[in-house]
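Engineer: Sequence:
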Amino acid sequence: MGDRQRGSGGVLVIGLGRFGASLALTLEELGTDVLAMDTSAELVQDYSGHLTHVVQADATNMDALQQVGAGDFSAAVVGVGTSIEASVLITANLVDLGRPVIWAKAISQSHGKILERIGAHHVVFPEKDAGQRVAHLVNGRLIDFIEFDDGFAIVKMRPPQEIVGLSLTESDIRAKYGVTVVGVKSPGRDFTYATPETRVSQHDLLIVAGHTDLIERFANRP
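Oh and the sequence shown: position 4 is 4 in full-length UniProt numbering, straight run, nothing missing.
Treat the hints with caution; some may be incorrect.
Taking lysine-lysine and the BS3-like style, the derived pairs with C-alpha atoms no more than 25 Å apart in a straight line are [claimed, not checked]: (1) LYS156 - LYS176; (2) LYS185 - LYS156; (3) LYS113 - LYS128; (4) LYS128 - LYS156.
Just so you know, these hints were derived from the structure itself, not from any lab.
Starting from the given sequences, assemble the full structure and let the hints guide the process.
Structural biologist: Below, the structure is given as structure tokens:
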């Protein structure tokens with residue numbers, strides 16, 4: 001396995017729980033070379049028909065990581081969440097290997113701080129992030145929502161009634177609301193980038209970018 005991955009820039013996914021498995025499957029769909037690991041023979045068997053490369057191994061053991069050529073991957077994802085101790089040991093092993101960019105799942109703020117301090121390059125909080133995202137969706141007319149660290153967001157939303165029938169120049173959204181319409185998806189048509197002449201209809205979907213609080217204000221207009 002190490003020879004196959006050497007210099008390939010693949011991704012090592014450790015832990016086939018819901019987070020790790022979903023991530024591994026999506027990476028493969030995107031054409032990325034993936035090796036998935038888990039200590040559970042049952043999970044390895046379950047995913048052997050869905051993922052190209054799955055092995056049963058204990059990543060808390062450095063020898064096991066070296067046997068699969070973990071140091072030859074460009075990135076490694078620590079998706080273990082049930083055991084903080086295992087998560088920390090695996091992350092520490094990957095740090096010692098030196099090469100992979102480490103993405104580690106955390107189940108609490110304190111867990112995340114430990115992972116950062118021992119050398120994880122990226123710490124993710126799937127449940128917290130999902131909860132915050134869904135709160136924005138539940139709260140208004142947003143259909144999809146992605147927020148960045150600096151409070152900037154990109155959303156998919158239905159248009160407020162007051163801009164329906166107007167071009168973007170006529171509605172002057174950026175000046176009035178402080179947000180930018182990036183694109184428009186009309187029923188039965190492909191997504192198109194917005195221009196000043198783009199006219200918004202009631203059934204359109206808008207892609208809007210801007211600061212989170214301004215987008216929420218815009219999205220909650222009648």
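Engineer: If a hint holds in the structure, say so; if it doesn't, say that too.
Structural biologist: Here is how each hint holds up against the structure:
1. A C-alpha spacing of about 19 Å is found between LYS156 and LYS176, which places the hinted pair at or below 25 Å, so the restraint holds.
2. Distance restraint check for LYS185 and LYS156: the Cα-Cα separation of roughly 10 Å lies within the 25 Å cut-off, and the hinted pair is therefore satisfied.
3. Our distance criterion of 25 Å between C-alpha atoms is met by LYS113 and LYS128, whose separation comes to about 15 Å.
4. With a C-alpha separation of about 21 Å, the suggested pairing of LYS128 with LYS156 holds against the 25 Å cut-off.
Comparing the model with each earlier hint shows no violations; every hint is respected.
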